[in-house]
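K.L.:
Those sequence lines, one after another, are chains A and B. The numbers in numbering that gives the first Met the number 0 rise by one with no breaks, and the one at position 74 of the first sequence is 73. The numbers in numbering that gives the first Met the number 0 rise by one with no breaks, and the one at position 378 of the second sequence is 377.
Hints are computed from structural coordinates only; laboratory data are not their basis. Possibly wrong hints are sitting among the right ones.
Partial pick of chain A residues on the chain B-facing surface, computed with a CB cut under 7 Å [stated by the list, open to error]:
| id | residue |
| --- | --- |
| 1 | 93 |
| 2 | 129 |
| 3 | 134 |
| 4 | 138 |
| 5 | 141 |
| 6 | 143 |
From the three backbone atoms N, C-alpha and C, an ideal C-beta is built for every residue, glycine too.
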Amino acid sequence: MRNQCIITENSVQVNDQTIFTTESPEDLDSFLLEAYSTLKVNYPKFHKMDRISKLGIITASMVFKDTPNTSEPFSTGIILCSKSGCLHTDGTYIEGLRPENFNPNPTLFTYTLPSIVMGEICIKQNIKGENTYLVLEKFNQPLIDQLISNMFFEKGMDQCLVGWIELESANNYKSHFYLESKVNYQKIIGQKKLQYA
Amino acid sequence: MGTTSNIIYKELISPLGFDVQENFSAIERGDTGLRADHSPFLKKGTFTATISEETIDVRFSEYENPRYYSKLEKLSILLIGKVLRKTGIDPKNERTLLVYSTTKGNIDLMDSKSPHIPEKRIQLVEFKNVLQRYFGFANAPLIVSNACVSGVQATILANDLVKNDLYDTIIVVGGDLVSRFTLSGFSALNALSYTKCKPFDEKRDGINLGECCAALVVSSKIEPNQGIARIAASSSTTDAHHTVAPSREGVGLTRAIKNCLAQRDQTDIDFISAHGTATRYNDEMEALAIHKNNLNDVPLNSLKGYFGHTLGAAGILETVLSLESLQKGQTIASLGFTNLGVSSKVNVLHRSNKKNMKCFLKTAAGFGGVNSAMLIQKL
């Protein structure tokens, strides 16, 4: 069984069990903050990050909740994809570019790259291997499987954190991460070959 | 892996020209696309390398009404159109794919008041749809957006997809613009140089931004004399250290280069096409990573002095021109360099010279702590 975490609609699910939810959803920021403290995520930089990185850090932390990442950092890869990327954060940054109130925020600017959430996750989980960030219409499992296979069998990775992270607005967001291991993946591929045989 | 993959074509539109030849000739003359930029919102002036939209529109009007397309869409359509015409690649073939590398896509539309371009085109998925619709690509283009390693990673991804026999031919395009968005941000980070940037030089003090659109074609289908080169080795890593500052010890890039060297045969590396952004930290880290891999004597250049930093397009732009350098047997001087200003000794190319070359190393690093390296060998 591979570890996975889904966060959407004010609830955090780990391996199909809801482990955190807020009954009366207020706003995304308080949900993320409450989830962060209740689930003991512990990443000091959390409070300085944009919403997308906060969502990503909590999701990734829950994937590694019961099985901390002890693999060789350079043998752990990461693949993330999203539809909107960092457009939500771009919008917040652009507010500081209005001519009448021009005050660009340098910290916010660093979060206006879609892949920054991946950088934050790599720091938190000590992941140093192969990394890919794609903008896709929706999570494309056959394509992602090809990329995972490439990571294991061509790039020498032992495990790979895979995730979809989409934050269109404060009311419409979803993250879904899972950890795939080379050992498990070889088994699945073996079974598929048997089916076809 | 299933099959072999080769780079069979390259194309480039930049402030220095509308094809590879124009660009290479300009470089040989020592021209730069960098011009003083006194945008009123900047604390101080800087230098940027931009392409005039009027010039683009004159060319674009031959095909389509420029009014309905953004600047990056027009550049991309001109470039991809030329790639298709010159190579005969059929975009409608299900074994053909477009991989597009960009960090900010149509971000300049935030200031656009055009009634002809819907606001949603600022989204990368919509930008991708415009290109798919225009050329009728059978497959939805893939967008790679991993900060400043996007270009190198898009090239590696395309190569892997072809080698795994998922596609016959992939057009890899990199494009990013100079915009109020990126200029204001790098200015707020105090990362911009007020002069022309000076990669690896003792007086370097920051980056210049640039814009361009560059393309490579990788394919398993190769006609006689069509192949240019192959990607002999590649690796990407992260520092897991800081999202903006590279690791002081160059941990990630050192490892990425080491992985490439482990995969190669005995071919010597003739030159290094460095990332060389001309910030204190990047160039220091990059020189250290090169030194740690005992490549300090290998001639090295950064092309940022000609084009500025073109973000998601940089890796493809620099690969295109390095390939031309390989094919021509003519090295490219590192413009803006006078005296070495990094602690680890590296062999920065002062001037261009004739040389028979087979192989180069391309390196890149970016925000998020990501690093990429690839070895490219002439066929």
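K.L.:
Against each hint, give a clear statement of whether it holds in the structure.
P.N.:
Verification of the hints:
Because the closest C-beta pair between residue 93 (chain A) and chain B is about 5 Å apart, less than 7 Å, the hint holds. The interface hint given for residue 129 (chain A) is met, as the beta carbon of that residue sits about 5 Å from the closest beta carbon of chain B, less than 7 Å. With a cut of 7 Å, the hint placing residue 134 (chain A) at the interface with chain B holds, because the nearest CB-to-CB distance is about 4 Å. Against a cut-off of 7 Å between C-beta atoms, the interface hint on residue 138 (chain A) is violated, since the closest Cβ of chain B lies about 13 Å away.
For residue 141 (chain A), the interface hint is violated, since its Cβ never comes within 7 Å of a Cβ in chain B; the closest pair sits about 10 Å apart. Checking residue 143 (chain A) against chain B by beta carbon gives a least distance of about 12 Å; that is not within 7 Å, so the hint is violated.
Consistency note: the structure conflicts with the earlier hints numbered 4, 5, 6.
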